[in-house]
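Novice: For reference, the chains in residue letters:
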Amino acid sequence: MAKLLLIDDEPLARQILREYLQTYPQYQVVQECQDGFEGVKAIQQHQPDLVFLDIQMPKINGFEMLELIEHPPAVIFTTAFDEYAIRAFEAHAVDYLLKPFSRDRFDKALRKWEELAGNHPSRVAASDLLETAAQSPLQRQRVVVKNGSKIKIIPVHEILFLEAADDYVKICTSEGTFLKNQTLGHFERILDPGQFLRPHRSYLVNIQQITRIEPYEKENHVILLKSGKQIPVSRSGYARLKEVLGI
Amino acid sequence: MANTPLSVTRFRFVFGACWLVLMTDHALILYWLGITWTAAILDSVISNSLLLLFSLLIMNTLRYYLPRREQYLHIFFWCVFLALLWLLLTRWFLDLALTGYPGYPTLLSHSLSIRFSIAFLLLGCVTMISVLWYTWEEQKETEARKADAERLAREAELYKLRQQLQPHFLFNSLNSINALIGSSPQEARKMVQELSDFLRGTLRREENQFISLADELEYLRLYLDIEKVRFGHRLVTDVQTTPEALTHRLPALLLQPLMENAIKFGLYGTTGEARISLRAQATEDQLVVEVTNPYDADMQMPSGTGFGLRSVKRRLYLLFGRSDLVETSQGSRDFSVTVKIPRNHGETAAY
Numbered sequence: 001m002a003k004l005l006l007i008d009d010e011p012l013a014r015q016i017l018r019e020y021l022q023t024y025p026q027y028q029v030v031q032e033c034q035d036g037f038e039g040v041k042a043i044q045q046h047q048p049d050l051v052f053l054d055i056q057m058p059k060i061n062g063f064e065m066l067e068l069i070e071h072p073p074a075v076i077f078t079t080a081f082d083e084y085a086i087r088a089f090e091a092h093a094v095d096y097l098l099k100p101f102s103r104d105r106f107d108k109a110l111r112k113w114e115e116l117a118g119n120h121p122s123r124v125a126a127s128d129l130l131e132t133a134a135q136s137p138l139q140r141q142r143v144v145v146k147n148g149s150k151i152k153i154i155p156v157h158e159i160l161f162l163e164a165a166d167d168y169v170k171i172c173t174s175e176g177t178f179l180k181n182q183t184l185g186h187f188e189r190i191l192d193p194g195q196f197l198r199p200h201r202s203y204l205v206n207i208q209q210i211t212r213i214e215p216y217e218k219e220n221h222v223i224l225l226k227s228g229k230q231i232p233v234s235r236s237g238y239a240r241l242k243e244v245l246g247i
Numbered sequence: 001m002a003n004t005p006l007s008v009t010r011f012r013f014v015f016g017a018c019w020l021v022l023m024t025d026h027a028l029i030l031y032w033l034g035i036t037w038t039a040a041i042l043d044s045v046i047s048n049s050l051l052l053l054f055s056l057l058i059m060n061t062l063r064y065y066l067p068r069r070e071q072y073l074h075i076f077f078w079c080v081f082l083a084l085l086w087l088l089l090t091r092w093f094l095d096l097a098l099t100g101y102p103g104y105p106t107l108l109s110h111s112l113s114i115r116f117s118i119a120f121l122l123l124g125c126v127t128m129i130s131v132l133w134y135t136w137e138e139q140k141e142t143e144a145r146k147a148d149a150e151r152l153a154r155e156a157e158l159y160k161l162r163q164q165l166q167p168h169f170l171f172n173s174l175n176s177i178n179a180l181i182g183s184s185p186q187e188a189r190k191m192v193q194e195l196s197d198f199l200r201g202t203l204r205r206e207e208n209q210f211i212s213l214a215d216e217l218e219y220l221r222l223y224l225d226i227e228k229v230r231f232g233h234r235l236v237t238d239v240q241t242t243p244e245a246l247t248h249r250l251p252a253l254l255l256q257p258l259m260e261n262a263i264k265f266g267l268y269g270t271t272g273e274a275r276i277s278l279r280a281q282a283t284e285d286q287l288v289v290e291v292t293n294p295y296d297a298d299m300q301m302p303s304g305t306g307f308g309l310r311s312v313k314r315r316l317y318l319l320f321g322r323s324d325l326v327e328t329s330q331g332s333r334d335f336s337v338t339v340k341i342p343r344n345h346g347e348t349a350a351y
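Protein chains in written order, with my numbering: chain C, 1 to 247; chain L, 1 to 351.
The hints are simulated quantities; they were obtained by calculation from the structure and are not laboratory data.
Some clues are possibly wrong.
[Stated by the list, open to error] Not the full set, but computed from the structure, chain C residues with beta-carbon under 10 Å of chain L:
hint : residue
1    : Ala13
2    : Thr78
3    : Asp104
4    : Asn220
Keep in mind that this is a model prediction, so the values were computed, not measured.
Ideal placement from N, C-alpha and C gives every residue a C-beta, glycine not left out.
Make a model of the complete structure from these sequences and hints.
Specialist: Okay, structure coming up:
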């Protein structure tokens with residue numbers, strides 16, 4: 001029996017999903033969650049096959065919640081109005097349901113998932129879809145990371161710099177360093193290029209934090225941050241730096 | 001602050017040239033009247049430098065105190081006074097510097113009345129030009145402000161249109177109704193009714209219409225009832241008013257964006273129960289409404305919350321010409337917005 005999870009902060013929105021699902025006895029709703037925090041826990045606990053996910057939710061939104069999960073399950077978004085997300089997700093989400101949706105529309109979304117899941121016996125992953133969402137025209141205002149069992153929301157302006165470390169990215173803030181299973185290129189895409197600069201293959205720096213740029217050895221340069229941290233600058237990075245800072 | 005006429009390079013040149021001509025002219029006349037070149041030039045430099053100083057003084061003073069129409073007589077007397085002062089100072093300096101030259105003291109005492117007249121005319125001219133210039137500058141500023149205000153009004157109009165549609169609220173409410181139709185048709189019917197009344201209210205009310213707080217709260221109740229159906233037990237509201245406050249009049253639809261803001265902030269910024277409270281009380285000359293919502297210091301404001309607040313601020317500014325009517329305060333767990341609505345004079349100030 002396939003396991004389903006419903007995540008929506010409005011009880012009636014979950015109720016209608018449950019009602020529509022009554023005609024599918026082969027699917028079991030393992031849990032209902034009313035926010036992203038519960039959602040993360042429930043996904044880890046139950047490993048559901050399909051998640052119905054709202055986008056606008058308390059504290060962290062649906063996208064941010066998915067980012068916290070290592071192997072996201074298949075997702076059908078249910079949302080009232082989110083044109084950017086819809087555009088970005090069209091290609092990759094299993095489906096998206098625009099509230100209010102009819103039973104027919106719901107059935108169609110479910111059939112779509114059944115087909116996809118049939119072709120890929122393991123699972124329809126949502127990881128591709130996050131990459132697409134990252135390219136949506138909405139620049140990120142915050143980054144959500146998991147710190148042990150806690151979820152930390154970091155406003156973008158509090159990030160000092162980011163450093164690539166194998167499969168992870170170290171996010172350095174004044175409060176400490178957080179790890180996120182992502183590439184630096186991903187952050188370069190989602191963060192405002194006017195605010196974050198990549199002076200080196202392994203670094204992305206908050207421009208506001210730069211105090212000085214000094215020559216280093218022969219032809220190289222190094223960036224000094226307010227915290228005293230030194231960031232190496234590659235040759236192409238120096239050209240970008242000059243361009244962005246107008247020097 | 002307005003720029004002085006001398007901040008324009010072209011005017012600086014003209015002004016300087018005029019002064020040079022004046023000085024040369026002054027020296028030439030004195031020379032023809034029979035004193036030596038040195039004395040004539042010294043006299044000219046001393047008198048005209050002092051006069052230049054006085055002119056600059058006038059120009060700068062008018063920059064900060066531009067006279068209104070009824071004060072023009074004051075300006076005339078000031079010119080007379082300044083010309084006399086100038087005459088006194090000049091005479092003292094000239095006495096000091098030039099008594100030794102033959103025939104000079106007599107010439108000086110004979111020419112005092114002419115000197116005064118010329119100085120008065122010149123200072124008068126400078127004053128007139130300055131007044132004209134600053135009035136013109138002020139007008140330019142007023143026009144720029146007016147253009148700005150018009151642009152803001154247009155933006156507000158657009159925002160209002162978008163607000164009227166409120167797509168998120170509308171679609172989510174419809175979704176809730178959809179769910180209720182299956183489970184409890186009676187409640188669904190009630191919600192359709194409330195949603196209709198609410199939407200009708202949004203569309204009908206004019207931006208500058210004033211209604212009593214009791215009416216505004218009745219309208220707010222529709223909105224809160226709908227939101228309560230959507231969010232279930234998570235949303236708790238608490239409205240407290242004094243009887244005097246209920247009759248106080250305020251611009252229509254002023255409180256709803258504040259409430260919407262508080263709900264968005266409270267419900268999307270925290271998990272668990274969100275208690276939104278509204279307290280209204282009337283003082284002698286104003287109505288004070290405070291809306292409080294829970295708040296989590298770790299969170300950034302959910303996007304879009306600042307906008308509703310700004311529009312309320314702007315609306316009150318346009319109606320009452322005051323920017324101190326909206327205040328926000330952040331406690332460790334609460335965020336509150338206090339709005340003051342002045343009594344009575346607002347309705348006439350609307351136009």
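Novice: Evaluate each hint against the coordinates.
Specialist: How the hints compare with the structure:
1. Contact between Ala13/C and chain L, as hinted, is supported at the beta carbon level, the nearest pair being about 6 Å apart and thus within 10 Å.
2. A distance limit of 10 Å between C-beta atoms decides the matter here; for Thr78/C the minimum to chain L is near 8 Å, and the interface restraint holds.
3. The interface hint given for Asp104/C is violated, since its Cβ lies 13 Å from the closest Cβ of chain L, which is over the 10 Å cut-off.
4. Hint on Asn220/C is violated. Least Cβ distance to chain L is approximately 37 Å, over the 10 Å limit.
The structure fails hints 3 and 4 (numbered hints given earlier, in ascending order).
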